[in-house]
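A.B. asks: Here is what each chain is made of, one letter per residue.
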Amino acid sequence: MRQLSYLAVLAGCLLGTLPLELLLRVRVYARWRRLLAALAPGLVLGVAWDLYAVRHGHWHFDHRYLTGLELAGLPVEEVLFFVVIPICAVLTLEAVARRRPGWSIGDEPAEPDR
Amino acid sequence: MTYTWLVVLALLGTAACDLVVLRTRLLCRKAFWASYAIMFGFQLLVNGLLTGPGIVQYDPDTILGPRLAYAPVEDLGFGFALILLTLSCWVALGRRSAGLPVRGSSARPVRAARGRPTQRPAPPARRPRSPGSSPSDG
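If you're matching them up, the sequences are chains B and A in order. Add 44 to the 1-based position in the first sequence for this note's numbering, that's all there is to it. Add 71 to the 1-based position in the second sequence for this note's numbering, that's all there is to it.
No lab work stands behind these hints, which were simulated from the structure alone. Wrong hints could be hidden among the right ones.
To be verified - Partial list, derived from the structure: chain A residues whose beta carbon lies under 10 Å from chain B:
(1) Y74
(2) G84
(3) R96
(4) L97
(5) K101
(6) A102
(7) Q114
(8) Y129
(9) D132
(10) V162
(11) G165
The structure displayed is predicted, hence computed values, not measured ones. Cβ atoms here follow ideal geometry from the backbone N, Cα and C, with glycine treated the same way.
I would like the entire structure built from these sequences, with the hints used as guidance.
C.D. replies: Right, dumping it as structure tokens:
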């Protein structure tokens with residue numbers, strides 16, 4: 045079971061934020077094309093940084109806590125980190141925007157008198 | 072280059088992306104900072120869960136040293152940069168679907184003042200045509 049530790053942390057992040065989509069109806073997963081496009085830069089730069097950091101010994105992973113699956117030269121969990129955390133961030137921002145309609149985030153339709 | 076310097080570069084780069092390149096100006100918005108305040112607690116939790124048991128381990132030579140919830144302080148900057156970049160892209164892409172220019176305008180972001188009485192600006196010389204007004208020509 046220990047090999048699932050890192051994966052469990054990521055699953056916890058997704059499960060913990062799921063009510064924002066299901067109950068608060070922030071429609072982030074519903075806008076999946078926009079979501080995927082928004083995730084892409086962070087995923088590419090994050091994976092590149094991670095590969096550099098591992099190669100230069102900035103950090104390393106304890107493989108007892110990993111499934112052993114690899115993707116792009118990194119543990120699959122580490123790649124998923126750059127997908128899961130940004131999804132949680134978008135869900136949080138949209139939840140705040142929904143609860144505080146007066147706080148613009150910048151993608152609202154143009155002001156009529158502008 | 073150490074992890075510390077890479078984090079500094081990432082923070083400067085993502086701030087430039089938000090303020091200059093995409094002009095989403097999330098760093099100037101209450102909604103962003105309120106979201107980050109919520110995420111900050113979970114960021115400490117996730118960083119702690121990953122570094123406490125040693126799932127991820129750091130070379131002491133590449134970090135400053137101070138740690139917060141087991142994780143090097145650099146991890147906070149790493150996470151912040153990832154969050155800011157993603158949210159900036161998310162908002163920029165949303166402007167396109169709202170019919171706004173993706174790179175934003177030079178106008179300042181519209182800030183709503185909750186709880187404060189808003190001062191109405193002086194009426195403009197030429198009022199925009201409202202839907203109910205009769206067109207003068209055409």
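A.B. asks: So, as I understand it, the hint says A:A102 touches chain B; can you test that by seeing if any CB pair is closer than 10 Å?
C.D. replies: Hint holds; A:A102 Cβ to chain B Cβ min 4 Å, cut 10 Å.
A.B. asks: Hey, does the A:Q114 contact hint survive, CB to chain B under 10 Å?
C.D. replies: Holds, because the Cβ-Cβ distance from A:Q114 to chain B comes to roughly 8 Å (cut-off 10 Å).
A.B. asks: If you take the shortest Cβ to Cβ gap from A:K101 to chain B, is it below 10 Å?
C.D. replies: holds, 5 Å
A.B. asks: Hint check: is the beta carbon of A:V162 less than 10 Å from a beta carbon of chain B?
C.D. replies: A:V162 check passes; min Cβ-Cβ to chain B is 5 Å, inside 10 Å.
A.B. asks: Hold the hint about A:D132 up to the distance rule: shortest CB distance to chain B must be less than 10 Å.
C.D. replies: holds, 8 Å
A.B. asks: Let's test the interface hint: is any C-beta of chain B closer than 10 Å to that of A:Y74?
C.D. replies: Holds. Min distance 5 Å.
A.B. asks: For the restraint on A:Y129, tell me whether the closest CB of chain B is nearer than 10 Å.
C.D. replies: holds, 5 Å
A.B. asks: Using the nearest Cβ pair, does A:G165 come within less than 10 Å of chain B?
C.D. replies: The hint holds - A:G165 has a Cβ within 10 Å of chain B, the shortest such distance being about 3 Å.
A.B. asks: Closer than 10 Å between Cβ atoms is the bar; does A:R96 clear it against chain B? Give me holds or violated.
C.D. replies: holds, 6 Å
A.B. asks: Given A:G84 as an interface hint, is the shortest Cβ-Cβ distance to chain B below 10 Å?
C.D. replies: holds, 9 Å
A.B. asks: Tell me if the interface restraint on A:L97 is satisfied: Cβ within less than 10 Å of some Cβ in chain B.
C.D. replies: With a minimum Cβ separation of about 7 Å from chain B (threshold 10 Å), the hint on A:L97 holds.
Checked against the numbered hints given earlier, this structure breaks none of them.
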